[in-house]
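*Asks:* Chain residues, written in single-letter form:
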Amino acid sequence: AQSVTQPDIHITVSEGASLELRCNYSYGATPYLFWYVQSPGQGLQLLLKYFSGDTLVQGIKGFEAEFKRSQSSFNLRKPSVHWSDAAEYFCAVGSMNYGGSQGNLIFGKGTKLSVKP
Amino acid sequence: EAGVTQSPTHLIKTRGQQATLRCSPISGHTSVYWYQQALGLGLQFLLWYDEGEERNRGNFPPRFSGRQFPNYSSELNVNALELEDSALYLCASSLWGNEQFFGPGTRLTVL
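Here the protein sequences come in this chain order: A and B. Using the numbering used here, you'd call the opening residue of the first sequence number 156 and step up by one each time. Using the numbering used here, you'd call the opening residue of the second sequence number 38 and step up by one each time.
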């Protein structure tokens, strides 16, 4: 079955510390992978995406993620967290193949990030 | 460039009523997706429209329905509202084969 697992429900880090949010997926087809961020009561903002090519992808706000096919993982990282990064982060997988696409994204349950001053 | 817009921002209904939620995609996008984000249930896919046709639907009862208009905007209708329909409803748009961009959502409260 297709699924996305984010093992950490809630993470707290100090401002200026590094961050890694974990994401594992199970997907039969070639996966297209995404990280979104959601502030309270808001919609989702796309941080970064992986379609193909270089397995280390750069996104907005200083985030990056690394696709590891052998581990079925797509972990999100940031070298130095800012207080404004406090939000909920969602990993998602989808198939964007024309014709065969189901269209929808499959989301993990999310990881809530708190930032200590 | 304007992003995905949704209306209304908040909607309060009582059990048994009908709710209509609206979504305008990013200009040029032909696909619209609807997701439900209910407390404790995460983000669940509802419906996908492209070029005016329903392409796929998630595991929701038929009282969840919608349509896409010629200008690619979309509406989601929820009939016979139940308490558990209370959630944030998110709309996203894309060009088929590309990433989805989300709107701010409509908060539906069923009393």
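By construction, these hints were calculated from the structure, which means they are not laboratory data. There could be a bad hint or two in this list.
Unchecked claim - Listed next, the in silico EDC-like pairs over lysine to aspartate or glutamate satisfying Cα-Cα at most 20 Å (straight line): (1) A:Lys-271 x A:Glu-175; (2) A:Lys-216 x B:Glu-136; (3) A:Lys-271 x A:Asp-240; (4) A:Lys-223 x A:Asp-240; (5) A:Lys-264 x B:Glu-112; (6) A:Lys-204 x A:Glu-243; (7) A:Lys-204 x A:Glu-221; (8) A:Lys-264 x A:Glu-170; (9) A:Lys-204 x B:Glu-136.
Unchecked claim - Negatives, chain B to chain A, calculated, CB over 10 Å: (10) Pro-45; (11) Arg-52; (12) Gln-55; (13) Gly-89; (14) Arg-100; (15) Phe-106; (16) Gly-140.
Heads up, the beta-carbon is just placed ideally off N, CA and C, and yes, glycines get one too.
*Asks:* Which hint numbers does the structure go against, in order from smallest to largest?
*Replies:* 4, 5, 8 and 16
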